[in-house]
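Chains as they are written, first to last, in the working numbering: chain B, 1 to 325; chain S, 1 to 336.
Be aware that a few hints might be false.
Unchecked claim - List of simulated lysine-lysine pairs, BS3-like, C-alpha gap at most 25 Å:
id: 1; chain 1: B; residue 1: Lys240; chain 2: B; residue 2: Lys212
id: 2; chain 1: B; residue 1: Lys275; chain 2: S; residue 2: Lys200
id: 3; chain 1: B; residue 1: Lys221; chain 2: S; residue 2: Lys18
id: 4; chain 1: B; residue 1: Lys122; chain 2: B; residue 2: Lys212
id: 5; chain 1: B; residue 1: Lys122; chain 2: B; residue 2: Lys240
id: 6; chain 1: S; residue 1: Lys122; chain 2: S; residue 2: Lys150
id: 7; chain 1: S; residue 1: Lys31; chain 2: S; residue 2: Lys200
id: 8; chain 1: S; residue 1: Lys122; chain 2: S; residue 2: Lys31
id: 9; chain 1: S; residue 1: Lys92; chain 2: S; residue 2: Lys200
id: 10; chain 1: S; residue 1: Lys92; chain 2: B; residue 2: Lys221
id: 11; chain 1: S; residue 1: Lys92; chain 2: S; residue 2: Lys122
id: 12; chain 1: B; residue 1: Lys240; chain 2: B; residue 2: Lys221
id: 13; chain 1: B; residue 1: Lys122; chain 2: S; residue 2: Lys31
id: 14; chain 1: B; residue 1: Lys129; chain 2: S; residue 2: Lys18
id: 15; chain 1: S; residue 1: Lys150; chain 2: B; residue 2: Lys240
id: 16; chain 1: B; residue 1: Lys129; chain 2: B; residue 2: Lys212
id: 17; chain 1: S; residue 1: Lys150; chain 2: B; residue 2: Lys221
id: 18; chain 1: B; residue 1: Lys122; chain 2: B; residue 2: Lys221
id: 19; chain 1: B; residue 1: Lys221; chain 2: B; residue 2: Lys88
id: 20; chain 1: B; residue 1: Lys73; chain 2: B; residue 2: Lys88
id: 21; chain 1: S; residue 1: Lys18; chain 2: B; residue 2: Lys212
No lab work stands behind these hints, which were simulated from the structure alone.
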Amino acid sequence: MSVFIIRRLLQALVVIFLMSLIVFAGINIVGDPVDLLISPEADQAEIEATIRRLGLDRPWHEQYGYFLLNAFKGDLGNSFIFAEPALKLILQRMPATLELAFAAMLIAVVFGIPLGMYAGLKPDSTTSKTIMAGSILGFSLPTFWVGLMLIMVFAVMLGWLPSTGRGDTTELLGIQVSFLTWDGIQHLILPAFNLALFKMSLVIRLARAGTKEVALQDYIKFARAKGLSSRRVVLVHVAKNIMIPVVTVLGLELGGVIAFAVVTETVFAWPGMGKLLIDSIQLLDRPVVVAYLLITVFMFILINLVVDILYSILDPRVRLKDVKA
Amino acid sequence: MITPTLEVANLRTHFFTKNGVVKAVDGISFKVDEGEVLGLVGESGSGKTVTGFSIIGLVDPPGEVVDGGILFHGRNLVELPDEEMRDLRGSKIAMIFQDPMMTLNPVLRIDTQMVEAVRAHKNVSRDSAYQRARETLVAVGIASPDERLKAYPHQFSGGMRQRVAIAIALLNEPDLIIADEPTTALDVTIQAQILFEAQKLCRRTGTAMIWITHDLTVVAGLADRICVMYAGRDVEHGSVDEVLDTPLHPYTYGLIGSVPSRNRRGRPLHQIPGMTPSLLNLPPGCAFRDRCPRATEVCMEQPPLAPHGPGRTARCFHPHVNGDKSRRAEMEAESK
Ligand SMILES: Nc1ncnc2c1ncn2[C@@H]1O[C@H](COP(=O)(O)OP(=O)(O)OP(=O)(O)O)[C@@H](O)[C@H]1O
Ligand code: SF4
Ligand SMILES: [Mg+2]
Numbered sequence: 001m002s003v004f005i006i007r008r009l010l011q012a013l014v015v016i017f018l019m020s021l022i023v024f025a026g027i028n029i030v031g032d033p034v035d036l037l038i039s040p041e042a043d044q045a046e047i048e049a050t051i052r053r054l055g056l057d058r059p060w061h062e063q064y065g066y067f068l069l070n071a072f073k074g075d076l077g078n079s080f081i082f083a084e085p086a087l088k089l090i091l092q093r094m095p096a097t098l099e100l101a102f103a104a105m106l107i108a109v110v111f112g113i114p115l116g117m118y119a120g121l122k123p124d125s126t127t128s129k130t131i132m133a134g135s136i137l138g139f140s141l142p143t144f145w146v147g148l149m150l151i152m153v154f155a156v157m158l159g160w161l162p163s164t165g166r167g168d169t170t171e172l173l174g175i176q177v178s179f180l181t182w183d184g185i186q187h188l189i190l191p192a193f194n195l196a197l198f199k200m201s202l203v204i205r206l207a208r209a210g211t212k213e214v215a216l217q218d219y220i221k222f223a224r225a226k227g228l229s230s231r232r233v234v235l236v237h238v239a240k241n242i243m244i245p246v247v248t249v250l251g252l253e254l255g256g257v258i259a260f261a262v263v264t265e266t267v268f269a270w271p272g273m274g275k276l277l278i279d280s281i282q283l284l285d286r287p288v289v290v291a292y293l294l295i296t297v298f299m300f301i302l303i304n305l306v307v308d309i310l311y312s313i314l315d316p317r318v319r320l321k322d323v324k325a
Numbered sequence: 001m002i003t004p005t006l007e008v009a010n011l012r013t014h015f016f017t018k019n020g021v022v023k024a025v026d027g028i029s030f031k032v033d034e035g036e037v038l039g040l041v042g043e044s045g046s047g048k049t050v051t052g053f054s055i056i057g058l059v060d061p062p063g064e065v066v067d068g069g070i071l072f073h074g075r076n077l078v079e080l081p082d083e084e085m086r087d088l089r090g091s092k093i094a095m096i097f098q099d100p101m102m103t104l105n106p107v108l109r110i111d112t113q114m115v116e117a118v119r120a121h122k123n124v125s126r127d128s129a130y131q132r133a134r135e136t137l138v139a140v141g142i143a144s145p146d147e148r149l150k151a152y153p154h155q156f157s158g159g160m161r162q163r164v165a166i167a168i169a170l171l172n173e174p175d176l177i178i179a180d181e182p183t184t185a186l187d188v189t190i191q192a193q194i195l196f197e198a199q200k201l202c203r204r205t206g207t208a209m210i211w212i213t214h215d216l217t218v219v220a221g222l223a224d225r226i227c228v229m230y231a232g233r234d235v236e237h238g239s240v241d242e243v244l245d246t247p248l249h250p251y252t253y254g255l256i257g258s259v260p261s262r263n264r265r266g267r268p269l270h271q272i273p274g275m276t277p278s279l280l281n282l283p284p285g286c287a288f289r290d291r292c293p294r295a296t297e298v299c300m301e302q303p304p305l306a307p308h309g310p311g312r313t314a315r316c317f318h319p320h321v322n323g324d325k326s327r328r329a330e331m332e333a334e335s336k
């Protein structure tokens with residue numbers, strides 16, 4: 001198991017290295033931040049001083065080498081705009097994004113699994129057909145549009161819920177979180193639901209397909225032949241078997257949810273990393289963009305690792321050494 | 001007269017599929033007394049498993065028991081409310097399934113699957129349910145039960161899994177066990193051992209058993225009585241010796257001819273020509289007609305189940321009766 005984890009982490013390092021190279025080269029092509037950074041009234045000497053200070057006078061591969069050297073020391077460079085370490089800026093915003101992403105995942109699972117299982121157990125009922133129609137909508141409607149509609153209906157027309165920001169936050173283990181205050185929860189509901197909708201549709205489909213397949217298995221009939229209540233058959237024998245694909249896919253999707261949060265965060269002015277990324281791209285704040293992408297890749301890798309470990313716990317037939325690394 | 005443990009009377013179980021009605025079981029009657037083993041014999045697709053599921057109340061849509069009675073200790077199970085039926089399942093009536101590789105839940109440990117079976121019917125502690133599970137595993141010949149209970153199904157061989165399934169059937173000391181070809185997947189030595197243990201158990205505890213198989217050699221040493229099925233109907237009843245020595249129905253006659261025996265070694269097996277007919281839109285008349293060497297005009301009608309002595313019946317217009325040589329004697333003569 002530890003061999004497995006170490007091997008995975010080494011692979012992660014290689015991926016992160018390649019990723020940083022691509023991002024660095026790519027963003028160099030996009031545009032020159034100097035024009036945006038320096039006030040038009042600055043004279044030539046000032047301009048050159050700034051360029052030199054930011055290291056922008058060197059060829060890009062030299063800049064990259066310098067960046068890499070610092071990165072090994074844990075320094076991903078300073079933001080051009082805020083003149084603060086990029087890493088610090090992102091880490092400051094990360095809890096907000098993670099809170100939103102986890103809230104969305106929770107909604108997707110808590111509603112998606114029971115709805116999907118119901119649709120799988122009674123595929124011909126009207127309720128099931130309604131659920132499935134809803135999941136198709138959840139798949140196909142664009143996130144930003146749903147977000148705007150949610151704001152229009154629940155914030156503007158009904159006035160039930162706030163539409164921007166995080167609301168009151170409380171400190172939990174040194175991190176600011178919204179979900180511990182009523183005001184924070186109210187602020188969380190709409191964006192979390194917006195972000196959850198797509199994943200919920202996915203969970204419904206997975207749970208339904210899994211339930212339909214598992215319900216036909218001999219071991220389910222055998223469980224019934226033992227005289228178990230249908231409650232226990234469904235909640236233990238069926239549910240445990242469909243959890244394997246659901247957890248796997250959801251785990252892999254968590255990275256996607258964090259990345260997708262960019263749209264939701266923009267619509268709801270949620271002060272997370274996604275919003276920071278959009279702002280930084282517009283301002284060509286290169287260190288922040290690079291740091292954001294590296295951290296996201298790192299998170300993807302970490303999440304996949306956790307999913308593999310979870311997978312081996314859920315499915316006794318899989319041992320970690322067998323998982324394709 | 002004591003009531004038999006189980007009496008099935010004119011059972012019909014049909015599947016209402018898109019392509020039409022599949023009459024998987026279409027009129028079968030038999031009874032099983034306490035401590036008795038009934039061999040339910042027939043080729044693949046004759047409706048044996050569906051008969052078993054009908055008795056235990058697990059026929060799922062589009063299937064339905066459309067007619068007949070299933071009297072368990074005199075109580076008609078067809079009319080029993082769901083909750084009472086659930087309580088009978090696994091406690092008074094147990095079933096061992098055909099495919100041992102598929103009957104255990106792959107993601108639950110053996111102890112979970114055994115303990116829940118005990119606790120579904122008896123209000124006992126987890127601990128005493130566990131002890132009961134352990135005891136039963138030992139009874140079916142599983143060594144180091146504690147280790148085994150902690151394991152998952154994939155860590156067991158097919159034979160071991162079937163033993164576990166048998167142990168689960170025995171957990172609550174049922175009055176009736178329906179064993180659906182439980183030994184076909186096992187090798188011969190283990191098969192013999194399990195058959196021996198099953199028979200011993202019935203004799204000792206008075207458990208009635210229905211042993212489903214397509215293999216006559218299996219029931220020969222195990223069953224007391226035999227019911228032969230063909231295309232969803234019972235075609236012959238009798239004691240093991242009567243049916244094997246003097247089969248009445250041409251189908252049974254053919255089946256016995258297809259069993260390899262010691263003194264026929266080296267000779268080709270006699271096969272019944274043709275195949276089981278499709279149960280979808282079965283034409284009227286005797287279902288065995290197309291394959292029967294004795295068929296005549298009258299066989300266009302459905303033959304009734306006719307008595308041939310005490311406990312002996314056959315569904316045929318031209319059975320192999322008096323004047324016919326004993327089938328076993330005939331086969332011995334052939335082999336000389
Ligand atoms: N769910 C179902 N839908 C439609 N037809 C079915 C269904 N289940 C069983 N049948 C049909 O019922 C008939 C009898 O099946 P059954 O499984 O009882 O045969 P069997 O005697 O147990 O055969 P085997 O020796 O192969 O196990 C078959 O023709 C089968 O196609
Ligand atoms: S009734 Fe006729 S066709 Fe059917 S088994 Fe008897 S002889 Fe053969
Ligand atoms: Mg069968």
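Given hint Lys221 (chain B) paired with Lys92 (chain S) - CA-CA distance at most 25 Å:
Given pair Lys92 (chain S), Lys221 (chain B) holds - Cα atoms ~17 Å apart, limit 25 Å.
Is it true that the CA of Lys129 (chain B) sits at most 25 Å from the CA of Lys212 (chain B)?
holds, 14 Å
Below or equal to 25 Å on CA atoms is what counts here, so check Lys221 (chain B) against Lys18 (chain S).
holds, 23 Å
Pair hint outcome, Lys92 (chain S) versus Lys122 (chain S) [Cα-Cα no greater than 25 Å]
Between Lys92 (chain S) and Lys122 (chain S) the Cα gap is close to 12 Å, so the pair holds against 25 Å.
Does the alpha-carbon distance linking Lys275 (chain B) and Lys200 (chain S) stay inside the 25 Å limit?
Judged against 25 Å, a Cα distance of about 75 Å means the pair is violated.
Hint consistency between Lys122 (chain B) and Lys221 (chain B) [alpha-carbon to alpha-carbon, up to 25 Å]
holds, 16 Å
Are Lys31 (chain S) and Lys200 (chain S) close enough, with their CA atoms no more than 25 Å apart?
holds, 20 Å
Hey, Lys122 (chain S) versus Lys31 (chain S), does the alpha-carbon distance stay inside 25 Å?
violated, 28 Å
Lys240 (chain B) and Lys212 (chain B): Cα distance at most 25 Å?
holds, 14 Å
Agreement of Lys122 (chain S) and Lys150 (chain S) with the hint, judged by alpha carbon distance not exceeding 25 Å:
Since the Cα atoms of Lys122 (chain S) and Lys150 (chain S) sit roughly 22 Å apart, the hinted pair holds (cutoff 25 Å).
Checking one constraint from the list: CA of Lys221 (chain B) to CA of Lys88 (chain B), max 25 Å. Satisfied?
violated, 56 Å
Next pair to validate is Lys122 (chain B) with Lys31 (chain S); report whether the Cα-Cα distance is within 25 Å.
violated, 36 Å
The earlier numbered hints that this structure contradicts are 2, 8, 13 and 19.
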